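2 protein chains.
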Amino acid sequence: MNIRLWLTCWTLWFLPQLINAQVADNRLCVGTSNQIYSTLLKETRTVWVHLPAHSDPKQRYPVLYVLDGENHFGATVGMTQQMAGVWPEMIVVGITNTVRERDLTPARSTTDTHQPVVYSGQEDFLQFIGQELIPYIDSRFPTTSYRLLSGHSLGGLTVINALLYNTQLFNAYIALEPSLWWDNQQFLQAVEKKLATKTFTNTSLFMAVANPTLATGLDTVRALRDTTAKTMLYRSVTQFIKGLRRYPNNGLRWNSQFFPDERHGTIQLVGQYKALTTLFDYYPFRTSQFENHPELDMDSVLVAHYKTVSARLGYTVLPSEELVNNLGYTSMGLGQPQKAYAFFKRNVETYPKSANAYDSLGDYFVWQGEKIKAIAAFRHALSLQETADTRRKLDELLKK
Amino acid sequence: MNIRLWLTCWTLWFLPQLINAQVADNRLCVGTSNQIYSTLLKETRTVWVHLPAHSDPKQRYPVLYVLDGENHFGATVGMTQQMAGVWPEMIVVGITNTVRERDLTPARSTTDTHQPVVYSGQEDFLQFIGQELIPYIDSRFPTTSYRLLSGHSLGGLTVINALLYNTQLFNAYIALEPSLWWDNQQFLQAVEKKLATKTFTNTSLFMAVANPTLATGLDTVRALRDTTAKTMLYRSVTQFIKGLRRYPNNGLRWNSQFFPDERHGTIQLVGQYKALTTLFDYYPFRTSQFENHPELDMDSVLVAHYKTVSARLGYTVLPSEELVNNLGYTSMGLGQPQKAYAFFKRNVETYPKSANAYDSLGDYFVWQGEKIKAIAAFRHALSLQETADTRRKLDELLKK
Numbered sequence: 001m002n003i004r005l006w007l008t009c010w011t012l013w014f015l016p017q018l019i020n021a022q023v024a025d026n027r028l029c030v031g032t033s034n035q036i037y038s039t040l041l042k043e044t045r046t047v048w049v050h051l052p053a054h055s056d057p058k059q060r061y062p063v064l065y066v067l068d069g070e071n072h073f074g075a076t077v078g079m080t081q082q083m084a085g086v087w088p089e090m091i092v093v094g095i096t097n098t099v100r101e102r103d104l105t106p107a108r109s110t111t112d113t114h115q116p117v118v119y120s121g122q123e124d125f126l127q128f129i130g131q132e133l134i135p136y137i138d139s140r141f142p143t144t145s146y147r148l149l150s151g152h153s154l155g156g157l158t159v160i161n162a163l164l165y166n167t168q169l170f171n172a173y174i175a176l177e178p179s180l181w182w183d184n185q186q187f188l189q190a191v192e193k194k195l196a197t198k199t200f201t202n203t204s205l206f207m208a209v210a211n212p213t214l215a216t217g218l219d220t221v222r223a224l225r226d227t228t229a230k231t232m233l234y235r236s237v238t239q240f241i242k243g244l245r246r247y248p249n250n251g252l253r254w255n256s257q258f259f260p261d262e263r264h265g266t267i268q269l270v271g272q273y274k275a276l277t278t279l280f281d282y283y284p285f286r287t288s289q290f291e292n293h294p295e296l297d298m299d300s301v302l303v304a305h306y307k308t309v310s311a312r313l314g315y316t317v318l319p320s321e322e323l324v325n326n327l328g329y330t331s332m333g334l335g336q337p338q339k340a341y342a343f344f345k346r347n348v349e350t351y352p353k354s355a356n357a358y359d360s361l362g363d364y365f366v367w368q369g370e371k372i373k374a375i376a377a378f379r380h381a382l383s384l385q386e387t388a389d390t391r392r393k394l395d396e397l398l399k400k
Numbered sequence: 001m002n003i004r005l006w007l008t009c010w011t012l013w014f015l016p017q018l019i020n021a022q023v024a025d026n027r028l029c030v031g032t033s034n035q036i037y038s039t040l041l042k043e044t045r046t047v048w049v050h051l052p053a054h055s056d057p058k059q060r061y062p063v064l065y066v067l068d069g070e071n072h073f074g075a076t077v078g079m080t081q082q083m084a085g086v087w088p089e090m091i092v093v094g095i096t097n098t099v100r101e102r103d104l105t106p107a108r109s110t111t112d113t114h115q116p117v118v119y120s121g122q123e124d125f126l127q128f129i130g131q132e133l134i135p136y137i138d139s140r141f142p143t144t145s146y147r148l149l150s151g152h153s154l155g156g157l158t159v160i161n162a163l164l165y166n167t168q169l170f171n172a173y174i175a176l177e178p179s180l181w182w183d184n185q186q187f188l189q190a191v192e193k194k195l196a197t198k199t200f201t202n203t204s205l206f207m208a209v210a211n212p213t214l215a216t217g218l219d220t221v222r223a224l225r226d227t228t229a230k231t232m233l234y235r236s237v238t239q240f241i242k243g244l245r246r247y248p249n250n251g252l253r254w255n256s257q258f259f260p261d262e263r264h265g266t267i268q269l270v271g272q273y274k275a276l277t278t279l280f281d282y283y284p285f286r287t288s289q290f291e292n293h294p295e296l297d298m299d300s301v302l303v304a305h306y307k308t309v310s311a312r313l314g315y316t317v318l319p320s321e322e323l324v325n326n327l328g329y330t331s332m333g334l335g336q337p338q339k340a341y342a343f344f345k346r347n348v349e350t351y352p353k354s355a356n357a358y359d360s361l362g363d364y365f366v367w368q369g370e371k372i373k374a375i376a377a378f379r380h381a382l383s384l385q386e387t388a389d390t391r392r393k394l395d396e397l398l399k400k
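Respectively, the protein sequence lines represent chains A and B. Each residue of the first sequence is one higher than the last, beginning at 1 in UniProt numbering. Each residue of the second sequence is one higher than the last, beginning at 1 in UniProt numbering.
Next comes chain A alone, as it looks inside the complex (with noise of 0.2 Å):
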């Protein structure tokens, strides 16, 4: 990172320094397609599985699991690279369709015998998810014990099921616009007795609802007193939340938010965004508050924050070499030298074979009038790998 740029922006905010694709050949690739053949439903099946990029092979993810794969992963890959930091980063795997209708789609209706056959299979495909898809990611890529599920429409009406019956499989669910319309609400009363029932640990649910005005005409009070086919998914999703409020001490941490300029079909980016953001809004440490409080002491509060953020996610966290250097450049920003020191010197410790580390480190011996020893960083970190910046600030100093 740049000092003097650093050292202008006055504003401090978090620069991604990964890259957001892993470079093959000249091909910019986010993931790969996998074969699983599931014994339960007899038949093979593709995930794409992305992996984030990161310089220490020890690292584990959290997984997002998203259902229509084929339609969602890469926008959801390009949005968790992009917030990395914001929130944690992840793995995610897109289960791609084969019978949509059938997996994403409950038992069948008792009182409509007319349904086709080939509705129904969505417990037998959440059965697949938890018996074989789940296992399977976990033995195969670096995976932490905690997990998502995210579905739109009727993937969203799968994430519902999934959150009643099948709580043990997930951590957190989205449910974009679920379709809890389904089989005459005949599935949302039998969730809603659910709901009366159920209790929850460490559980999160976040609902996007789309604005029924939109597509309809009718405003959201007229849309609550339509009786039409057309309305019934946003008074389904309505009274479902009407549901959830009526129950606050079921241990679920939960959220809905109304997306006034998106419809049914718009609602799956923005709705993913704020999905994550609310889910992991604990997550963040925001280097800014050192800077309006500067009593703060920076080292309590770090290990109180990664505290919570173990706790609400179930496993040990500590904060990253993006976060210990930003936290080095901060503390330069407040003049507090031996700090900024301790979190560069720490960084080059923990993560050895990272060049902006040690860039980093000189970055700070140049501050510090220490010319030698910022060769030594800069040196080391073109060892590890050449970077025009870094070769600069080294010719710089070489010069004078």
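If you are wondering where the hints come from, they were derived from the structure by calculation, not from laboratory data. All figures in this text were calculated on a predicted structure; none of them were measured in a lab.
Copies of one chain are not kept apart here, so a pair can be met inside one copy or by any two copies together.
List of simulated lysine-lysine pairs, BS3-like, C-alpha gap at most 27 Å:
| # | residue 1 | residue 2 |
| --- | --- | --- |
| 1 | K400 | K345 |
| 2 | K400 | K42 |
| 3 | K274 | K242 |
| 4 | K230 | K339 |
Position chain B relative to chain A; hints supplied.
The following block gives chain B in isolation, referenced to the frame of chain A:
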């Protein structure tokens, strides 16, 4: 598309038929990394290019150029894939950095002689984009003449420079939290003078403004009265927006949006999303209008819509395969078999290699009870591409 599911869904929404990533071996790739030697900058530049997947090799696309490509390319590509149909499909070009603070800062101030030499290369950089990069992209990729430029922070500053001094380069400009504080607002003052005399033709600007309260603790009124560096970006952007309001007749189509939940360092994703949604608000064709107003003549509405779209983009745009397909199903839903047939027939004629076009035609024939024609259509679809959905529908017909 499965007709029964569609008929059950009630709310018609746009389901992208495109797979989100171009699959080759088992890697999921979204673009290529390209090297271009710049005679003007005397260095090799790396640009990342995403080309939409499409069945029609003659298809051409607008181009979205993204500054700080290594940070914003992946998320931007993901959202253009997710929103295909709501926005036009786009080629995305991510310009990666060599010396960021050189390329993204404007000509050196005459009053500040202390600025390091490394700054102030923005003019050269924009010359490189106009004289070398755009011709390079246009010669190698299927582009149209419509171009957008997007940048954040110093990248946003570069976007504002291009808008006012290199307006011919792009049709639409996206400035996310532009660093208009640069050089003690001297660049801002020059820009404001320029706004007074400049006229624009078919040029659009979108500005995204973060909430200064989140980082500073000051509410927006106090932030405007503040005189410290930490509110200077917010104050500078607000001043520029006032400048835009002062000259309503200069022909510039502009919008600014304040994001209460976003900081300078988190606004990139949702800012880019809202920018593209706003800049292309005239683009999507909503089939729901016919459900609410069945008296509308579909063909004349369609013609008028694409006349507007073509005028805005500056070249002839025709309805996509997906839209015509949706209109076929919409006509079926409205009980208009002749119209439905016309749409499906049009698609198999325009896109004879599209399996989905034949699959939909098959759905139409099933709906009409024309079994032999339906079987022929499904068989033709399967000869183009094997899909489980079409195979199942064919098998069911053959069993009857």
